[in-house]
Amino acid sequence: MKLVLNLISIIAAIILITFGVNNISQPSNLKVWIGVGEVVLGLIVLYFPLKKLFK
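All the letters of the sequence shown, read from the start, carry residue numbers 227 to 281 under my numbering.
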């Protein structure tokens, strides 16, 4: 069960990073900062499940 939850959070983090990278390419400064925040949040969400998965 833990493995399934880890995989779901990894997939959610990848989707969050994808949306963040899409926002970084926008011409508006606010959308760029939102995109940077999404990428950072996605990397944080991605780091912890991968750390548990390979422990």
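I should point out that these hints are in silico values taken from the structure, not numbers from a laboratory.
Treat the hints with care, since some could be wrong.
Label-pair ranges, simulated between beta-carbon atoms [to be verified]:
#, residue 1, residue 2, range
1, 247, 274, 36 to 46 Å
2, 259, 238, 19 to 29 Å
3, 237, 260, 17 to 27 Å
4, 227, 257, 15 to 25 Å
5, 256, 228, 16 to 26 Å
6, 255, 230, 36 to 46 Å
7, 256, 229, 35 to 45 Å
8, 251, 227, 20 to 30 Å
9, 227, 250, 13 to 23 Å
10, 260, 281, 25 to 35 Å
Each residue gets a CB set at the ideal place from its N, CA and C atoms; glycine is no exception.
Do the hints match the structure? See the list:
Take residue 247 and residue 274: their Cβ atoms lie about 21 Å apart, and the range 36 to 46 Å is violated. Between residue 259 and residue 238, the C-beta spacing of about 21 Å keeps the proposed range 19 to 29 Å intact. Between residue 237 and residue 260 the C-beta distance comes to about 21 Å, which sits within the given range of 17 to 27 Å. Hint check: residue 227 to residue 257, Cβ distance near 37 Å, so the stated range 15 to 25 Å is violated.
Residue 256 and residue 228 have their C-beta atoms about 38 Å apart, which leaves the hinted 16 to 26 Å range violated. At roughly 39 Å, the beta carbons of residue 255 and residue 230 sit within the given window of 36 to 46 Å. Checked against the given bound of 35 to 45 Å, the beta carbons of residue 256 and residue 229, roughly 38 Å apart, stay inside it. Taking the beta carbon of each, residue 251 and residue 227 are about 38 Å apart, not inside 20 to 30 Å as hinted.
For residue 227 and residue 250, the hinted distance range of 13 to 23 Å is not satisfied, since their beta carbons lie about 35 Å from each other. Between residue 260 and residue 281 the CB atoms are about 33 Å apart, so this pair conforms to the stated range of 25 to 35 Å.
In this structure, the hints that do not hold are numbers 1, 4, 5, 8, 9, in rising order.
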